[in-house]
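Protein chains in written order, with our numbering: chain R, 1 to 293; chain H, 1001 to 1346.
Possibly wrong hints are sitting among the right ones.
Not the full set, but computed from the structure, chain R residues with beta-carbon under 8 Å of chain H [what the hints assert, rightly or not]:
no. : residue
1   : Phe138
2   : Gly241
3   : Glu251
4   : Asp258
Chain R side only, calculated, beta carbon under 10 Å to chain H, not exhaustive [unchecked claim]:
no. : residue
5   : Leu69
6   : Asp135
7   : Ile139
8   : Ala235
9   : Ala240
10  : Phe255
Since the hints were made in silico from the structure, they are not lab data.
Cβ atoms here follow ideal geometry from the backbone N, Cα and C, with glycine treated the same way.
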Amino acid sequence: MAVIAFSTPKEPIHTGLPIKGFLPLTAPSIVLMLFFAIPMGMMIGISFQSQTAGGPTFASYSRFFSNDLVLAGLTRTVVMSGLVAISVTVLAYPLAYYLARSTSRWRTIIFALAIAPELAGVVLRTYGWLIILEDRGFINSALMWTGMISEPLPLSKNLFGVVVGLTHVILPFGVLSLLTSLQGINPNLEKSAQILGASRLDVIRHIILPLSVPGIVSSLLIGFTMAASAYATPALLGGAGFKVMATMVYEQVLFYLDWPFAAVMANVLLILMLTAGFVGSRLESRLHQKLHL
Amino acid sequence: MRFSALCASALVTMGLAASGHAETLIVNSYGGPYETIIRERIIEPFEAKFGIDVVYDAVGSASQDYAKIKATNGRPGFDVVVMTASQSLEGCKEGLLEEFSPDEVPNLVHLSSVIAGVAGPCGAVHEVQYLSLLYRKDKLPEQPNSWNALLDDRLEGKIILPTFQNVMAAYLMEIFSVAHGGDLLDNVDPGFAAMAKLAGQSIGFEQSSSVMETYIKGGEVWAMPFWNGRAQLLVDSGLPVDYVLPKEGSIPLVATLNVPKHAANREAALRFVNFFLEKASQEAWVTGYKVGSVRTDIDVPDDIRARQITTEADLKALLLPDLAAVASRLSAWGERWERDVVAVAK
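Sequences and hints are given; from them, build the entire structure.
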C-alpha cells in the first residue's frame, strides 16, 4: 500500500556559523537588489512625480482610477490573462500526464515538440499566428476558397486572436510545471485504486486531480502572470482597439512621454500579479487542507 | 636612467598607438533603405573628409532612442541621433540634448528660418517630408487632389489609417480639422468628426508605416496617408502607385539631427551635424533619399524639385502647428481618438 508522505529532516542540519547558511544567497540577493529592487523603487518614486514642476503628487494615481479607458484596459488585461491561464492549463494537463506516465519511445519526441515553440522568439511565433488568423490569412482564405464562408471570420485583432497566440507562447511553461507535479504522484496509487475497483474516471477525479493541485495552481499562475505582462502578442494580434496594461505602458513611455503615468500603470500591473500569486497560494493551501493532504 | 628611458619609450608607444586609431563616432538612425543611402551619401564622404570612423547603429525607432536618452540622462551610448522636431523640443526642455550654435555648426545659418525654428535650438533640421495622399493608380484612374477623396464611397473598405501612436494620425486629424473649418490646435472638433467618418470606411489601423505599406502593395488598400519620402520610394520601386500633396495642404515631418547632452564624442558629433547640413550633402541626401530640405539654396533636378519641399514658397505653404502645444494635447487627443475614432471602425 502506497503512503503519501511529506517528509522533513528530523534533525536540522547545522553548518556551523549561521551566516554560512546565507552565503549561497549572496549572489542572487545582490543581483535581485541591483536589477529588481532598486529599479522597482525608482519606478515607485517616478509614479509620484509630477509631469510639470512640483513636489510628489498622487495626480497620476487619481487619473488612473478615474479614467474609464484605462480601467477598461485593466479589466481587459484581467479577462485576457484569466482566459489564457485556463486554456494553457487545460491544454497542458493531458499532455503533461501523458509525458509523466508514458514509457513509449515517442515520449521524448512529444516532449521535444511540446517545448519546441520556445526555440522561436515570441515575435516570430506571433507573426506566425497573424498569418494564420488575419482576415486574408490561411484559415479565412481556405474557408472562403471552399465556399464555407463569404466574409472573413473575425479571428484576429480581438480577444480571441490574442488568447490563441498567448496560449501557444505560454503552453510549454504550463506543461513543465504540471509535469513536475504529476511526476511526483506515485503511479502505484492509481494501480491500487484500480485493483480496488475504481474506474479510470474515479482515479482521475479522486486521486490524480487532487494530488496535482500544486501543479495546476502553478500553471494557472504562470499563465496569468506571463499573459498579464505580455506586450508583443497583444500589440500584434490585438489590433488598435485592444489595449492592455502592457501596451498602454509602452504608449505612455514612448509616445506620450508621460513616465509618471506609465509608472502608475506598471505598479498596478505588479500589484495585480502579486494579488494573483497570493490568491493562488491561499487557494492551494485551502485545497490541501480540504483534501487532507 | 633606465627608468626614464622606459617611461619615454612607453609614452612614444602610447602616442603612436593613439595616432594609429582614428576617432570614432556613433550615429544612431534607421535601418532599411535609409541605412544604405545614408552610408553611401553622407557617412562615407564624412569619414573620407575627416578621418573619423562612423559606427552606424540602426537599432530602435526615434521614440525608442529618445526614451533611451531620457533614461540615461543624456548618456545613451551614441553621439548623433536622428529624431523629430517634437523630440528635439522635449529633449531641449529637459536639458537632455546639446544646444547648437552657429559658431559650432556654421551651416545652421543656411537653413530656412520658416522650419528650422520649429525644432528649437537642439534640433538641426536635415530633412523634411510632408504627409501625402498615396493611392493606387490602377484602381483610381483619376488622381485625387483633395484629402476629402478618402471619404469617397468608392473607397469604402479600401483605406487604412495609422494608429494614434503613429504621429501621422494626429497630423491627419489636424489637416482635416483645417479643411473642415476648424484649426490646428484649439478647435479640432471638425477634424475628429472627419476622422470618425474615415474610420467607418477603413479596414483598420496599423501603427507601423512599413506594415501599412504592405496593404497598398498587396492591393487591399487603394489610398492612405503616407510620408512622401517613403511614398516616393514605392513609386521608384515600380509599383502602380503615386502620391499627391492635396490642395488643402499638409503638415511636414521635420526630421532632426540631435546630439545627446553627454555624448562621448561631442566634437566629432558637431562636425557630423555640420557636414550633413553642407550644401553638397543636402543635395546628395535629397536626390538619394527623395525628401525635402530646408536649405533652399540647393541645386536639384527639376523632377525632384517638383515633388519635394525645396523652396521657400514650398515651406511657407505647409501647415505648421506649434509642436510644443501639440505635445501637450496628445494625451487628451489620444483618448478622444479611442472614443470617437477607433470605436466606430469596422
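Hint check results:
| no. | hint | verdict |
| --- | --- | --- |
| 1 | Phe138 | violated, 15 Å |
| 2 | Gly241 | holds, 5 Å |
| 3 | Glu251 | holds, 6 Å |
| 4 | Asp258 | holds, 6 Å |
| 5 | Leu69 | holds, 6 Å |
| 6 | Asp135 | holds, 8 Å |
| 7 | Ile139 | violated, 17 Å |
| 8 | Ala235 | holds, 8 Å |
| 9 | Ala240 | holds, 4 Å |
| 10 | Phe255 | holds, 5 Å |
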